[in-house]
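Number of protein chains: 2
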Amino acid sequence: MPELRKDPVTGKHVIIAIERGKRPSDLKETNEEIKPKSYVETCPFCVGNEEKTPPEIDRIENENEWVTRVVPNKFPALSMESECEDSNQRLFWKKNGVGYHEVIIETRDHSKSLFNMEVNDFVNILKTYKKRYNELINKDEIKYVSIFKNYKKKAGASLEHSHSQAIALPLVPNLVKEELEASKKYFEKYKRCIFCDIINEEIKDDKRIVINDDHFVVLAPFASIYNYELMIIPKAHQHSFKDITENELKMLAESMKEVFNRLNKVIGDFPFNMYIHTLPKGMEKYKKSYHWHIEISPRLSNHAGLELGSGIYINTVAPEDAVKNLRNI
Amino acid sequence: MPELRKDPVTGKHVIIAIERGKRPSDLKETNEEIKPKSYVETCPFCVGNEEKTPPEIDRIENENEWVTRVVPNKFPALSMESECEDSNQRLFWKKNGVGYHEVIIETRDHSKSLFNMEVNDFVNILKTYKKRYNELINKDEIKYVSIFKNYKKKAGASLEHSHSQAIALPLVPNLVKEELEASKKYFEKYKRCIFCDIINEEIKDDKRIVINDDHFVVLAPFASIYNYELMIIPKAHQHSFKDITENELKMLAESMKEVFNRLNKVIGDFPFNMYIHTLPKGMEKYKKSYHWHIEISPRLSNHAGLELGSGIYINTVAPEDAVKNLRNI
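Residue numbers (the numbering used here), protein chains in the order written: chain A, 665 to 993; chain B, 665 to 993.
Treat the hints with care, since some could be wrong.
Identical chains blur together in the list; that is why a pair holds if it fits in one copy or across any two.
[Said to hold, decoys possible] Straight line, CA to CA, 30 Å or less: simulated DSSO-like cross-link-like pairs of lysine-lysine:
#, residue 1, residue 2
1, Lys795, Lys807
2, Lys952, Lys676
3, Lys945, Lys686
4, Lys952, Lys807
5, Lys899, Lys686
6, Lys807, Lys841
7, Lys676, Lys951
8, Lys759, Lys988
9, Lys906, Lys949
10, Lys701, Lys816
11, Lys952, Lys929
12, Lys807, Lys871
13, Lys759, Lys701
Everything labelled a hint here was simulated from the structure, so no lab data went into it.
Hey, can you work out the whole structure from these sequences and the hints?
Pasting the structure below:
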């Protein structure tokens, strides 16, 4: 029976319609091939091909060899060399697209993905995220740093070798602003962080929790938009990813390894996006009400006319069922 | 040079980044096959297979034969038989998913699509849209009727035979509410409809107009999110699709035929969504400030982590370039 739900933070509506998952199709969408060898000659991110990328910005090393590398995006969405004219017309507002766009090469090994990496690989990726975040957020003109990952073509990736991206933006993005405002409103009303309240309520309910350890909770949001959508969130109230400690980082890496492993066992090697939401620069007034987190959005189906035209999403897997499957393995 | 733009109505940000369109890829996404024959035995929407659909709700006829048919969706996103419990908890709001979900079979001919139909086919489709809209909007509990089309798998279609859908909703969708509020705010400030102002400004500029006839304008929005995104909008101030006249409907059909023909010549047989935005029931106070329109969103690339995580979109084709190409054929 279809059920309409509303996200407690963003107010987004989703229709949980399990029956729709069973509809037949005469249209094909072919799967991409299985991951190949550890080294691919034409891959600019493979070991030995370092000269194929623009000059390196940053790296994490182990015994004099890189384990992660950071390079400028060769085809940046934003650039410090941009010099369009700003325009403040009533209808046609535009702004110079200044910013930074970096690629984080997550591993030396072309055959690795978040589905088969070790805890230590996750630690190195997260350390690189933290380094780049802190470096970029302190640049002039930058208000927000978006760290995200696209896995497979359907999720927007253009290269196969496991990588993430950091985009440093000259503005606070709308979705983050919406979360900031909504959680502040809740805080003003109830004197509590809405994310803390969700965590507590979810732990009590125990229907949508995948992992609950000392530092992090992994849960399927009540109004999940995507099949098997998950959120990783620190249990303690923390407004920003930038202050994550070494120990927390290690715990986060363990949760991530565990959760990708479980996802892989249930839905295979699937396309997904992952991104961090954290307090923007200069937004200290939201410190008590905002709570940083990571979202994982599997791209198993395609948004269609209803989603694009109305902002109402259809999800054919109830988050409770997703969690049942992720627990029972 | 990347350029940041903001949509005048919704406030959505888009980065126009032409250079990014040139990036190479080692990931494949296979194209779907070319449209087949006029009749497909297994297709529930083909002539002669009428018993494969649930009982017909509506049709348009010509010489005793149907030209369009309307049937209930076999796998509805919403249903009048739904009977979940409503819940008004502070964090976990949910509502019974009541509503209607219909399929509009647009043609008898399996090989037809909006890319090769005649004006008369468009007239029949639009007449069916209007009939279903007016029937559904008057039902109890219904606040909004979303009429939309998904073409090809990547745009969310599961069946190949050309069809649209109507979903009657028990609430006003967020995206429509946002447009209503934003245009009202503009009206209060400037005493004018923002859409009327955009139309006039665009006609004056003449950089983003594809078609400009007596009744309708087809334009590429200033802050287009999708490559070759288009909007079809009546030139006169009209708040609702439901009152469209026979003559306007004919003119709209001509514009649509023309625009899909041009799109086809420039970008081929591509996946897209199309949907109507119109004034919801009982919202007469927005009559002067809201202006109905149709949006066409080609799905040539995939939204990725930046879009999902921040609500900032990257578009690799400037709307001005799209229009240049659509005009020069």
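Hints breached by this structure: 3, 5, 11, 12, 13
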